[in-house]
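The listed protein sequences derive, respectively, from chains A and B. Heads up, the first sequence is in my numbering, so the first residue is 79 and it goes up one at a time. Heads up, the second sequence is in my numbering, so the first residue is 79 and it goes up one at a time.
Careful: at least some of the hints might be erroneous.
Because identical chains share one entry, a pair is satisfied inside a single copy or across any pair of copies.
[Claimed, not checked] Straight-line C-alpha distance at most 25 Å; calculated DMTMM-like pairs for lysine to aspartate or glutamate: (1) K361 - D184; (2) K361 - D182; (3) K361 - E152; (4) K298 - D280; (5) K361 - D153; (6) K327 - E274; (7) K327 - E230; (8) K86 - E230; (9) K298 - D184; (10) K298 - E274; (11) K93 - D140; (12) K90 - E355; (13) K93 - D182; (14) K327 - E142; (15) K90 - E105; (16) K86 - E227.
Since the hints were derived computationally from the structure, they do not count as laboratory data.
So you can see what is in the structure, the chains are spelled out below.
Number of protein chains: 2
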Amino acid sequence: MARILDGKAIAKQVKDELRQRVSQLRETGLVPKLVVVLVGDDAASASYVRSKSRAAQDVGIDAEVIQMPANIAEDELIRALERLNEDNTVHAVLVQLPLPAHLDTDRILMHVHPAKDVDGFHPVNIGRYATGTPLLWPCTTAGILEILERSEIPIAGRTAVIVGRSRIVGWPTAQLLLAHNATVIQCHRQTVNLREYTRQADILVAAAGQPSLIGPDDVKVGATVIDVGINRVGGHLVGDVDFAAVEEKAGAITPVPGGVGPLTVAMLMKNTVHLAEIHQREKEGFR
Amino acid sequence: MARILDGKAIAKQVKDELRQRVSQLRETGLVPKLVVVLVGDDAASASYVRSKSRAAQDVGIDAEVIQMPANIAEDELIRALERLNEDNTVHAVLVQLPLPAHLDTDRILMHVHPAKDVDGFHPVNIGRYATGTPLLWPCTTAGILEILERSEIPIAGRTAVIVGRSRIVGWPTAQLLLAHNATVIQCHRQTVNLREYTRQADILVAAAGQPSLIGPDDVKVGATVIDVGINRVGGHLVGDVDFAAVEEKAGAITPVPGGVGPLTVAMLMKNTVHLAEIHQREKEGFR
Numbered sequence: 079m080a081r082i083l084d085g086k087a088i089a090k091q092v093k094d095e096l097r098q099r100v101s102q103l104r105e106t107g108l109v110p111k112l113v114v115v116l117v118g119d120d121a122a123s124a125s126y127v128r129s130k131s132r133a134a135q136d137v138g139i140d141a142e143v144i145q146m147p148a149n150i151a152e153d154e155l156i157r158a159l160e161r162l163n164e165d166n167t168v169h170a171v172l173v174q175l176p177l178p179a180h181l182d183t184d185r186i187l188m189h190v191h192p193a194k195d196v197d198g199f200h201p202v203n204i205g206r207y208a209t210g211t212p213l214l215w216p217c218t219t220a221g222i223l224e225i226l227e228r229s230e231i232p233i234a235g236r237t238a239v240i241v242g243r244s245r246i247v248g249w250p251t252a253q254l255l256l257a258h259n260a261t262v263i264q265c266h267r268q269t270v271n272l273r274e275y276t277r278q279a280d281i282l283v284a285a286a287g288q289p290s291l292i293g294p295d296d297v298k299v300g301a302t303v304i305d306v307g308i309n310r311v312g313g314h315l316v317g318d319v320d321f322a323a324v325e326e327k328a329g330a331i332t333p334v335p336g337g338v339g340p341l342t343v344a345m346l347m348k349n350t351v352h353l354a355e356i357h358q359r360e361k362e363g364f365r
Numbered sequence: 079m080a081r082i083l084d085g086k087a088i089a090k091q092v093k094d095e096l097r098q099r100v101s102q103l104r105e106t107g108l109v110p111k112l113v114v115v116l117v118g119d120d121a122a123s124a125s126y127v128r129s130k131s132r133a134a135q136d137v138g139i140d141a142e143v144i145q146m147p148a149n150i151a152e153d154e155l156i157r158a159l160e161r162l163n164e165d166n167t168v169h170a171v172l173v174q175l176p177l178p179a180h181l182d183t184d185r186i187l188m189h190v191h192p193a194k195d196v197d198g199f200h201p202v203n204i205g206r207y208a209t210g211t212p213l214l215w216p217c218t219t220a221g222i223l224e225i226l227e228r229s230e231i232p233i234a235g236r237t238a239v240i241v242g243r244s245r246i247v248g249w250p251t252a253q254l255l256l257a258h259n260a261t262v263i264q265c266h267r268q269t270v271n272l273r274e275y276t277r278q279a280d281i282l283v284a285a286a287g288q289p290s291l292i293g294p295d296d297v298k299v300g301a302t303v304i305d306v307g308i309n310r311v312g313g314h315l316v317g318d319v320d321f322a323a324v325e326e327k328a329g330a331i332t333p334v335p336g337g338v339g340p341l342t343v344a345m346l347m348k349n350t351v352h353l354a355e356i357h358q359r360e361k362e363g364f365r
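The following block holds chain A by itself, in its conformation from the complex:
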């Protein structure tokens, strides 16, 4: 039976540590501030934003939600982002995705200043993944690293197989594991004989958004299985991995829910504090 990697417990650890770090920063006069820009009134997005605000409050981060109408003009949204870029009290800016269809997401994300880009989606930040020296990693990817490191699962020299190459999770996770010196196999929708690759994995990251994609025959005995999928099936949340069956074979596995999910919000907070600290250091450098 696999060891269960308890994301909720790890997220709690991360937030406990952050609460202390933030309280020390506040003593020096630095109040980390995150602004979430929410366009439109999508119920799911609104609910995500609420949970981000709650988490911020929980660790002592100042969080502000800017609500914009669904029909906002692209240039108006960009001007709002530019005002946030210039506002020295704001350390982190997040544009809640998805945006309404009339807005060009790529163009808009270009206007979040790279030094405030808490999601790590600006091309300059993406480009830095390649150099192995990014300012930060996207929240879910950073959460996967947190799980592996706190569970003392080695990465360097191991075979990491990532199924899914989304810009938000799969691709940056492949880059992170490469930066930590895994040999990385990047699989996706056009991969032929997926199982041939997944069975090689010491660390298998399932991020395809497809329930029951990974069964016991797809996994090597003793592998670490990280399930990033969040799929709603018959009113229940399930991942991309057939948990009950794979648990028998894997060495360690994240459940859904309660695995990677809780880390994503915790890492948003950690990234915010990280950006605030960098901002502070740079300000001191100018004194």
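Place chain B on chain A using the hints.
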């Protein structure tokens, strides 16, 4: 016996096509212009720059070499780059690497405007590899694609194994093959049991800079082997692949010299013309 992928012949094709394209552009009043910035008097760098100038002249591109002293101050070099960024007659800017040790290469490359970054080394351009919609690919990587496409070697759904993850060749080549829907295995110095991976390759790219790294036992029968290595051994140029032995087993193979090398310079010219055309289109868009 493998088919020999003749890089010299393919580079000639590319340049012949470019010569025609440039001559048509010149008729419309657009003279593609490349500026090469050469710092110091390294003999190898000077020789590379000369061959780039010659190739430019050969296809009708206006090439200028700006020679700077080895002890130039970083800010002075950056100011020179900024002048080139503002010069509307310049379409492509290349900073010949390596730079003298007192200069911060990353910082300097940040100051080549992304729209003139003919090498594709600006973080914004690197970031665009991830979205699968880059402005251009780095010259050697683009040359590998040219070889595969002109030799009608399919990429999508095939297994591509890249040995070496340098920012200049290995890593961007992995991203290019991923963007063309290969399943990509990225290997490097810390990969354990390299052979286990290379033997899976339908397309094997050797870019480690290590003579005789790839022998016949490392290759699947019928594989396409792209040798990017350029190593000087006993006065001869050899690649990373033991050509004579691997040729017996591979389906297709590039020689060294005469494989990827000639494409790198040809693709610098193709990238220059590409940037000039984009510049022209954008200018027309503003009319």
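Hint by hint, which ones does the structure fall short of? When the structure is compared with the hints, numbers 9, 13 and 14 turn out to be violated.
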